[in-house]
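**Q** Spelled out from the first residue to the last, the chains are:
There are 2 protein chains.
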Amino acid sequence: MTILIVNDDGVHSAGLHATYHAVRPLDEAVICAPHEQKTGTGRGFSLHKPIRVKQVPFDDTTAYATSGTPVDSLLYAIHGLDLRPRLVVSGINLGENISTEITSSGTVGVAIEAASLGIPAIAVSMELKNDMGKLEEGHGVDFSAAVLVTRRIASRVLASGFPPGVDLLNVNIPHGVRDDTPVEYTFLERNLYDSHIEERIDPMGRPYYWNVGIVSQKVRHGSDVHCVLHKGHVSITPISIDMTAPVECASYGYHR
Amino acid sequence: MTILIVNDDGVHSAGLHATYHAVRPLDEAVICAPHEQKTGTGRGFSLHKPIRVKQVPFDDTTAYATSGTPVDSLLYAIHGLDLRPRLVVSGINLGENISTEITSSGTVGVAIEAASLGIPAIAVSMELKNDMGKLEEGHGVDFSAAVLVTRRIASRVLASGFPPGVDLLNVNIPHGVRDDTPVEYTFLERNLYDSHIEERIDPMGRPYYWNVGIVSQKVRHGSDVHCVLHKGHVSITPISIDMTAPVECASYGYHR
Numbered sequence: 001m002t003i004l005i006v007n008d009d010g011v012h013s014a015g016l017h018a019t020y021h022a023v024r025p026l027d028e029a030v031i032c033a034p035h036e037q038k039t040g041t042g043r044g045f046s047l048h049k050p051i052r053v054k055q056v057p058f059d060d061t062t063a064y065a066t067s068g069t070p071v072d073s074l075l076y077a078i079h080g081l082d083l084r085p086r087l088v089v090s091g092i093n094l095g096e097n098i099s100t101e102i103t104s105s106g107t108v109g110v111a112i113e114a115a116s117l118g119i120p121a122i123a124v125s126m127e128l129k130n131d132m133g134k135l136e137e138g139h140g141v142d143f144s145a146a147v148l149v150t151r152r153i154a155s156r157v158l159a160s161g162f163p164p165g166v167d168l169l170n171v172n173i174p175h176g177v178r179d180d181t182p183v184e185y186t187f188l189e190r191n192l193y194d195s196h197i198e199e200r201i202d203p204m205g206r207p208y209y210w211n212v213g214i215v216s217q218k219v220r221h222g223s224d225v226h227c228v229l230h231k232g233h234v235s236i237t238p239i240s241i242d243m244t245a246p247v248e249c250a251s252y253g254y255h256r
Numbered sequence: 001m002t003i004l005i006v007n008d009d010g011v012h013s014a015g016l017h018a019t020y021h022a023v024r025p026l027d028e029a030v031i032c033a034p035h036e037q038k039t040g041t042g043r044g045f046s047l048h049k050p051i052r053v054k055q056v057p058f059d060d061t062t063a064y065a066t067s068g069t070p071v072d073s074l075l076y077a078i079h080g081l082d083l084r085p086r087l088v089v090s091g092i093n094l095g096e097n098i099s100t101e102i103t104s105s106g107t108v109g110v111a112i113e114a115a116s117l118g119i120p121a122i123a124v125s126m127e128l129k130n131d132m133g134k135l136e137e138g139h140g141v142d143f144s145a146a147v148l149v150t151r152r153i154a155s156r157v158l159a160s161g162f163p164p165g166v167d168l169l170n171v172n173i174p175h176g177v178r179d180d181t182p183v184e185y186t187f188l189e190r191n192l193y194d195s196h197i198e199e200r201i202d203p204m205g206r207p208y209y210w211n212v213g214i215v216s217q218k219v220r221h222g223s224d225v226h227c228v229l230h231k232g233h234v235s236i237t238p239i240s241i242d243m244t245a246p247v248e249c250a251s252y253g254y255h256r
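Residue numbers (the numbering used here), protein chains in the order written: chain A, 1 to 256; chain B, 1 to 256.
Careful, some of the hints might be misleading.
If several chains are the same, the list does not tell them apart, and a pair holds so long as it fits within one copy or across any two.
[Unchecked claim] When the alpha-carbon atoms are kept at most 30 Å apart in a straight line, the in silico DSBU-like pairs for lysine-lysine are as follows:
#, residue 1, residue 2
1, 54, 231
2, 54, 218
3, 231, 218
4, 129, 54
5, 218, 129
6, 231, 49
7, 218, 49
8, 231, 129
9, 129, 49
The set of hints was computed from the structure by calculation and includes no laboratory data. Please read all numbers here as calculations on a predicted model, not as lab measurements.
Work out the full structure, taking the sequences as your base and the hints as a guide.
**A** Structural data, given as structure tokens:
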């Protein structure tokens, strides 16, 4: 029984090392993560191509680095290495993962995969005030308080498990977090981004397109977005993987 | 106001043409889909590379084919083409998308993206008795009854919208569907797959790994899995994009 550490920013991310520092005092830890940056892959996995795996130096141990997505990395660790982790910790992601947008996050996607395998999972993400930390794989970001917060939450989950109906915790840590930053239980805000598409022209005169996410201003009190971005508190959102809407549909008659 | 048609099997899939046949009598339809097979990409999108778009002949019209994921295709259609569709129909996917596994499905992932933009969405998938239809882009699969089922459900959603709390419908059509196949409202089964990793050795003697999903035998009455795979009925699962677990967590104290 070990703790499995995964992420979506790749094996070289300082956030992955922070998670290792957070959970190492709690139990044996195995690290298995994508070799490259895989942000935005959600719960995606490789169906049409196989994955490659290599071992790379990682602090005082070695990590498994895969050519696949976060979910591929998790599945390799569990089935390929025959691990039965008692907890999966995903992160610490470089950048927050909040609102119903979380299903596009690789950090949360792999925690959903773990949960669907019956393994308690925690996705941990940290707000960055600018994206430079992300570009530089988080080197230079101060994770010291985030490490303590992550360790405290992981320790509690190891001791007590989850309440019935909870499959994973989505944890978000604000920029400037301190050891005594308040922690709140939140709900997922409905939407975070008002996206648009930016067209550019390449040197050959042909168009190409970038997705650009713009943070929406519609925020409710008690939501994860309000907690992290407006109050600067740590947000814990209990997540269920069952997306069945809690409604009685038969009377609506969506068939003949 | 149009209907936007997307999928994850790519613009050449016969299932995408089936959706076009299904909704064409209902309203103007725009098709925007990945140029290549993008099964298993969930709600993933392109953050680190731009997308390319081209127009390709498609039945009596043209379709937009993108280098990105299903979500990229949707975002291009909405923001790049400035579409405001009144309905998004994703599919018809070659192969069912059932259980809490749906978050790894590109077919469902893009419907979740549409729903998060406030657009009613229907994800439609069809069971194939073997994977040959998928390999051959569905050519040779009889979609005639599936077209009628899809048209009926889309028509009803256009007329009546969704019940409160429902963001999208996940529709699954059994192999061998007929026009009078019963339609049931279902819940998401908890898990569908007991996966494993298969190791193979390449011609240079190095290992590579395939994910292999094996259908679990744990099935409850009333679930989408039971409905489609066991009874051979059409399944409609109402989906909420809000995965916040319906529990009161504060008393569990996952912090100090």
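**Q** Decide, hint by hint, whether the structure agrees.
**A** Results for each hint:
no., hint, verdict
1, 54 <-> 231, "neither (42 Å within a copy, 44 Å between copies)"
2, 54 <-> 218, "neither (44 Å within a copy, 35 Å between copies)"
3, 231 <-> 218, "within (15 Å within a copy, 44 Å between copies)"
4, 129 <-> 54, "neither (33 Å within a copy, 37 Å between copies)"
5, 218 <-> 129, "within (20 Å within a copy, 46 Å between copies)"
6, 231 <-> 49, "neither (44 Å within a copy, 33 Å between copies)"
7, 218 <-> 49, "between (41 Å within a copy, 29 Å between copies)"
8, 231 <-> 129, "within (14 Å within a copy, 53 Å between copies)"
9, 129 <-> 49, "between (36 Å within a copy, 22 Å between copies)"
In the structure shown, a violation is registered for the earlier hints numbered 1, 2, 4 and 6, in ascending order.
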